[in-house]
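Visitor: Throw the hints in and build the complete structure from the sequences for me.
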Amino acid sequence: MSERVLMTGNEALAEGAIAGGCRYFFGYPITPQNAIPQYMAEHMPEVGGVYLQAESELASINLVYGAASTGAYVMTSSSSPGISLMQEGLSYILGSELPCVVVNMVRGGPGLGNISAAQSDYWLATRGAGHGDGRCLTFAPHSVQELHDWGADAFPIAQKYRAPVMILADGLLANMAEAVRLRERQEPPPRTQEWAVGGERNGRPRRIINSLWTDVEVMEAVNRRMAERFEQAAANETRWEEYGDDSPDFVFAAYGICARICKTAIDRLAEEGIRARLIRPISLLPFPARPFYEWAERVSRIVCVELSLGQFIEDVRLASACRCPVELIWHTGGVLLTPEEVMARVKEML
Amino acid sequence: MAEAKQIAEGEPIYRRPAGLTETQMRYCPGCTHGTAHKLIAEVLEELELIDRTVAIATVGCSVYAYEYFNTDAVEAAHGRGPAVATGIKRVSPETIVFTYQGDGDLAAIGLSEVIHAAQRGENITVAFINNAVFGMTRGQMAPTTLVGQKTTTTPLGRDPKLAGMPMMVCELLATIPGVAYLARETMIDPHTVRNARRSIKKAFQSQVDGAGFSLVELVSTCPAWWHKDPIESMAWVRDEMLKQYPLKVFVDYEA
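First to last, the sequence lines map onto chains L and B.
Under my numbering, the first sequence is numbered contiguously, ending at residue 357.
Under my numbering, the second sequence is numbered contiguously, ending at residue 945.
Treat the hints with care, since some could be wrong.
[What the hints assert, rightly or not] Restraint-style ranges between C-beta atoms, simulated for each label pair:
#1 L:E224 with B:G811: 40 to 50 Å
#2 B:D849 with L:G118: 27 to 37 Å
#3 B:E922 with L:N209: 40 to 50 Å
#4 L:R198 with B:A698: 38 to 48 Å
Derived by calculation from the structure, the hints in this document are not laboratory data.
Even for Gly, the Cβ is constructed at its ideal location relative to N, Cα and C.
Guide: Here it is in structure tokens:
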């Protein structure tokens, strides 16, 4: 289909999920992602799916856990305070080796915060998906088209690695409108996973979905298995984009909405003779360390641009291995950066 | 008088129900979890549901229930059983789904989940094991602990001025239209065990019939943390627990 439609990020992501085969959505209202459950409520019946509004985000993630145990393509979405409530459930989903998709449209925080955009849940996504050693695969779109595509592509990735996949975006990406090329709606595959419960057993041995292992050797073996699958994910699903000059003076590091700001800044800086390049991680976990490591040797500095006090910058510092200074341009709490401010601060640094 | 059934020489007069595995249970001597498991397992066998049932094991002494019920099983986080059960039922309505929850799991941390499942008329069955204490964690006060009952967190006895009165879960849920079958039973003598079995059967039948939410509260013993022997525990249920928690069928969709 070559036609494009104008959609907001929230709607595009929801439609992408349906196109990718999502047939079960459980969620709860929270700004700035309310259009996602609303879209699901309206469109799930068209594909014979189920929209159920839960009584809380705590219930939402447990509804997801139940549906995931049957092998279904299931999703929930929320924003920062609601994601905090889902951390327990994410730990159980990780420990039980189940697939699902979780969307976080990040808002200002901590606490109740505000409904403006922020990127202060980087740690929550990549470090804080509940207690324990689980790794929640995390991907960060930077456009409405990417939100749509990840809405669909997150499901087979979750199934392949038997883990939750978090789509991390923000209140701005969620509510801005851009032209989207829509995917054709596909059916999910039949629920025939060898671990899935429910339905008629017809004599097959019974199956247990569990994260309780009081035998510590068994618990460690489960963790080892999770780690091996994560290593496979790191080998296959690490993604990033590079944009800008091939011989840059410095490199921007940014994801999501900040990557859009940096791309504009790069174009305008080029007009002034300042050469910059952007490394835009698309997978945040697994983190694309290699481009940072390689470019850090060739530039004067890496400039991290994020809407937080400095979370993403830690992974950039780790990846660049002290080969060059790593600076931070930031706002947080819902205050937004602009290309003008980024350019001004960069010029101060140079 | 009904005709007595003839039992052939050598034929067993009692066996483990097909709904139970052969795994030896960990429960304490005198604990009525064993009886509750057995009754559920017998009902699943009688109604021919074993092959399409998912048991939701929950947090408490019930945490190992997935080892004992001869069905698929999913372990839920503390209190979340009814939400997990709902997720499965919404994907696979033909699957029989039940939770097995203690009073800490259901009436403390999980109260919202069970009320909302009932409010939605969710077509699941809940076995609610009420023994007035947190058992697995060694004897703290629960919402259903009796006034004056000593526990590790009410060493001087439960004081309603500090901790409120015991929670009456069936009475709370009885007001909800989505409930198809709701009963409080116990298992302290053959008569009450038979009544408990009858209520458990009606509860699962209501799920098979698609009638709505079902819950059977089973007033149970905890000899370990009541610091009583099994016989004293049964007596304490009869003499004290049943005064607070009267046995009753609250809602019957067929009545």
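Visitor: At the C-beta level, are L:E224 and B:G811 separated by a distance inside 40 to 50 Å?
Guide: holds, 44 Å
Visitor: Does the beta carbon distance between B:E922 and L:N209 stay inside 40 to 50 Å, or does it fall outside?
Guide: With a Cβ separation near 47 Å, B:E922 and L:N209 satisfy 40 to 50 Å, so the hint holds.
Visitor: Using the Cβ atoms, figure out if B:D849 sits within 27 to 37 Å of L:G118.
Guide: holds, 34 Å
Visitor: Given the range 38 to 48 Å, decide if the beta-carbon distance of L:R198 to B:A698 lies inside it.
Guide: holds, 45 Å
No hint from the list above goes unmet by this structure.
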